[in-house]
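So the protein sequences, as listed, match chains A and B.
Everything in the first sequence is counted per my numbering, starting at 1 for the first residue and increasing by one.
Everything in the second sequence is counted per my numbering, starting at 1 for the first residue and increasing by one.
Fair warning: there could be bad hints in the mix.
Unchecked claim - Now the in silico label distances, taken between C-beta atoms and shown as ranges:
(1) A:195 / B:188: 49 to 55 Å
(2) B:113 / A:59: 50 to 56 Å
(3) B:242 / A:97: 48 to 54 Å
Everything labelled a hint here was simulated from the structure, so no lab data went into it.
Beta carbons: idealized from backbone N, C-alpha and C, even for Gly.
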Amino acid sequence: MAGRPRSHIIIFLAPAVLVYTAVMIWPLFNTLRLSLYVSEAGGRHFAGLANFRTLFGDPRWSASFWNALGNNVWFFIIHMIVQNPIGIALAAILSHPRLRFSAFYRSAIFIPTILSFVIVGFAWKLILSPIWGIAPGMLDAVGLKSLFAPWLGKEEYALTTLALISVWQFVGIPMMLIYAALLSIPEEVLEAGEIDGLTGWAAFWKIKLPLILPSIGIISILTFVGNFNAFDLIYAAQGALAGPNFSTDILGTFLYRTFFGFQLQLGDPHMGSAIATAMFVIILTGVCIYLWGIQTRMRRYQF
Amino acid sequence: MNKARHNPLNSAAAHGALILYTLIALFPVFVIIINSFKTRKAIFAEPLTPPVGDAFSLIGYQTVMKQGDFFLYFQNSFIVTVVSLFFILLFGAMAAFALSEYRFRGNTLMGLYLALGIMIPIRIGTVAILELMVQTGLINTLLALILVYTAQGLPLAVFILSEFMRQVSDDLKNAGRIDGMSEYAIFFKLVLPLVRPAMATVAVFNMIPIWNDLWFPLILAPGESTKTLTLGSQVFIGQFVTDWNAVLSALSLAILPVLVLYVIFSRQLIRGITSGAVK
Numbered sequence: 001m002a003g004r005p006r007s008h009i010i011i012f013l014a015p016a017v018l019v020y021t022a023v024m025i026w027p028l029f030n031t032l033r034l035s036l037y038v039s040e041a042g043g044r045h046f047a048g049l050a051n052f053r054t055l056f057g058d059p060r061w062s063a064s065f066w067n068a069l070g071n072n073v074w075f076f077i078i079h080m081i082v083q084n085p086i087g088i089a090l091a092a093i094l095s096h097p098r099l100r101f102s103a104f105y106r107s108a109i110f111i112p113t114i115l116s117f118v119i120v121g122f123a124w125k126l127i128l129s130p131i132w133g134i135a136p137g138m139l140d141a142v143g144l145k146s147l148f149a150p151w152l153g154k155e156e157y158a159l160t161t162l163a164l165i166s167v168w169q170f171v172g173i174p175m176m177l178i179y180a181a182l183l184s185i186p187e188e189v190l191e192a193g194e195i196d197g198l199t200g201w202a203a204f205w206k207i208k209l210p211l212i213l214p215s216i217g218i219i220s221i222l223t224f225v226g227n228f229n230a231f232d233l234i235y236a237a238q239g240a241l242a243g244p245n246f247s248t249d250i251l252g253t254f255l256y257r258t259f260f261g262f263q264l265q266l267g268d269p270h271m272g273s274a275i276a277t278a279m280f281v282i283i284l285t286g287v288c289i290y291l292w293g294i295q296t297r298m299r300r301y302q303f
Numbered sequence: 001m002n003k004a005r006h007n008p009l010n011s012a013a014a015h016g017a018l019i020l021y022t023l024i025a026l027f028p029v030f031v032i033i034i035n036s037f038k039t040r041k042a043i044f045a046e047p048l049t050p051p052v053g054d055a056f057s058l059i060g061y062q063t064v065m066k067q068g069d070f071f072l073y074f075q076n077s078f079i080v081t082v083v084s085l086f087f088i089l090l091f092g093a094m095a096a097f098a099l100s101e102y103r104f105r106g107n108t109l110m111g112l113y114l115a116l117g118i119m120i121p122i123r124i125g126t127v128a129i130l131e132l133m134v135q136t137g138l139i140n141t142l143l144a145l146i147l148v149y150t151a152q153g154l155p156l157a158v159f160i161l162s163e164f165m166r167q168v169s170d171d172l173k174n175a176g177r178i179d180g181m182s183e184y185a186i187f188f189k190l191v192l193p194l195v196r197p198a199m200a201t202v203a204v205f206n207m208i209p210i211w212n213d214l215w216f217p218l219i220l221a222p223g224e225s226t227k228t229l230t231l232g233s234q235v236f237i238g239q240f241v242t243d244w245n246a247v248l249s250a251l252s253l254a255i256l257p258v259l260v261l262y263v264i265f266s267r268q269l270i271r272g273i274t275s276g277a278v279k
């Protein structure tokens with residue numbers, strides 16, 4: 001290789017590096033930079049941390065921010081305690097070696113994941129609507145009609161309902177990733193366990209679960225990043241105001257309203273950048289905790 | 001053989017659980033589609049029965065076809081998705097080839113730089129992306145979306161494709177060099193055909209998020225002539241909230257293309273995910 005002209009390396013790398021730098025990395029840093037400016041008549045000027053002082057110090061801004069962050073944390077918790085266990089359970093059942101129709105189940109359960117948030121948001125809005133009456137009708141059929149409430153319209157239920165709808169949509173992803181991890185466990189390991197009397201549930205808890213922990217770590221960080229920049233489902237189902245009364249407002253909808261403006265609120269790119277910076281810090285912290293705190297400490301098994 | 005792990009009771013329970021969850025997964029889609037073919041009265045009176053006899057009606061579809069320019073939205077989504085995928089695959093494969101084939105100073109650093117975008121979502125930079133598109137006059141063009149989706153898809157594409165390209169045999173490439181092939185010919189004629197399965201995996205991974213994205217069309221291309229199908233259905237449905245026939249039909253029309261794509265590519269997609277491409 002030595003002595004050949006190396007211009008082809010540059011030509012191979014250039015298009016990807018240029019597009020990626022110009023449209024992703026540069027705007028990312030520019031957004032962080034813009035959070036230090038404020039706009040005024042005739043342009044913008046450097047203002048240091050003024051936007052952050054407003055975001056965390058001004059009671060109205062900080063109330064909105066902490067509300068959105070708190071809702072986002074709850075959104076994430078629901079995913080972790082509902083979506084991931086269901087995904088793991090489905091994968092565990094599917095990975096049963098002689099299960100028939102497993103390809104059919106896999107494809108069918110994955111269907112909601114390929115639908116857009118707009119479809120999912122509206123479809124569930126219609127189904128849960130008290131006007132149409134599918135949900136109350138079905139509850140009535142099993143004698144539980146008294147449990148029905150307009151879940152998406154009540155402040156205390158709306159966020160949890162939306163989180164569960166999102167779980168319904170995305171359960172296919174942890175299912176597939178765990179399924180792949182379970183398939184890669186060699187038969188000999190399971191047979192060895194069997195000889196020691198570990199079958200069924202015991203085999204799952206004592207052999208399979210420790211072996212799929214790295215995949216559970218990956219799912220957790222994917223869920224974390226996905227949840228903390230989520231926006232579409234809330235916007236499609238509840239609009240940019242994330243009603244009722246901001247009870248479903250998460251960081252994504254808060255960012256959208258702030259920088260783009262909505263109805264009577266004018267867009268403010270600099271406050272928007274400040275919120276985006278906060279999101280960046282949150283996501284980066286999560287990713288770092290995962291990379292250095294969890295991934296390096298997790299034991300990986302080589303077969 | 002290992003009978004302990006296979007008894008009929010367990011198997012029945014497994015099927016029971018899977019059928020139950022499959023019903024939960026498919027029920028909303030099913031309800032939307034069957035009701036889109038019904039009269040308004042039947043939608044409310046018997047939401048769970050199939051659209052037969054008097055209940056059958058295409059009124060919703062007629063409204064949608066008259067009011068919304070769904071063909072244009074579909075075309076926009078199609079162009080954006082296909083062109084973005086083309087650039088992700090071409091640029092991604094070229095960069096992956098450079099990183100996996102040649103040793104040069106800064107190789108590892110370049111790999112890490114390109115991998116940054118796997119974990120950091122591009123949406124964080126939206127404020128500056130919007131500003132950039134306004135300055136370059138690309139606002140309300142499909143090109144703005146294509147650039148954003150290409151940038152968004154490149155990190156994972158480079159990562160997956162370079163893993164695969166490392167497995168292509170050196171002997172083959174060196175044989176090509178001895179025959180006088182240029183580095184470009186080696187890339188396009190020898191390496192690309194061999195990593196085609198990996199390219200398909202990258203394509204299906206990127207296809208669905210691009211097709212379904214609402215955030216960037218809403219911010220960068222909300223104009224009537226550049227609306228994508230996802231944004232178009234969102235706006236359309238928002239306008240017709242009280243016309244249940246139209247809303248249900250619009251939803252069904254939005255579901256249809258994705259479902260067709262899924263039926264065509266589901267094996268590829270599932271194989272891609274389960275082959276551990278996202279380690």
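Verification of the supplied hints:
1. For the pair residue 195 of chain A and residue 188 of chain B, the supplied restraint of 49 to 55 Å holds, since their beta-carbon distance comes to about 53 Å.
2. Against the hinted window of 50 to 56 Å, the Cβ-Cβ separation of residue 113 of chain B and residue 59 of chain A comes to about 41 Å, which falls outside the hint.
3. In this structure the hint that residue 242 of chain B and residue 97 of chain A lie 48 to 54 Å apart at CB holds, the actual value being about 52 Å.
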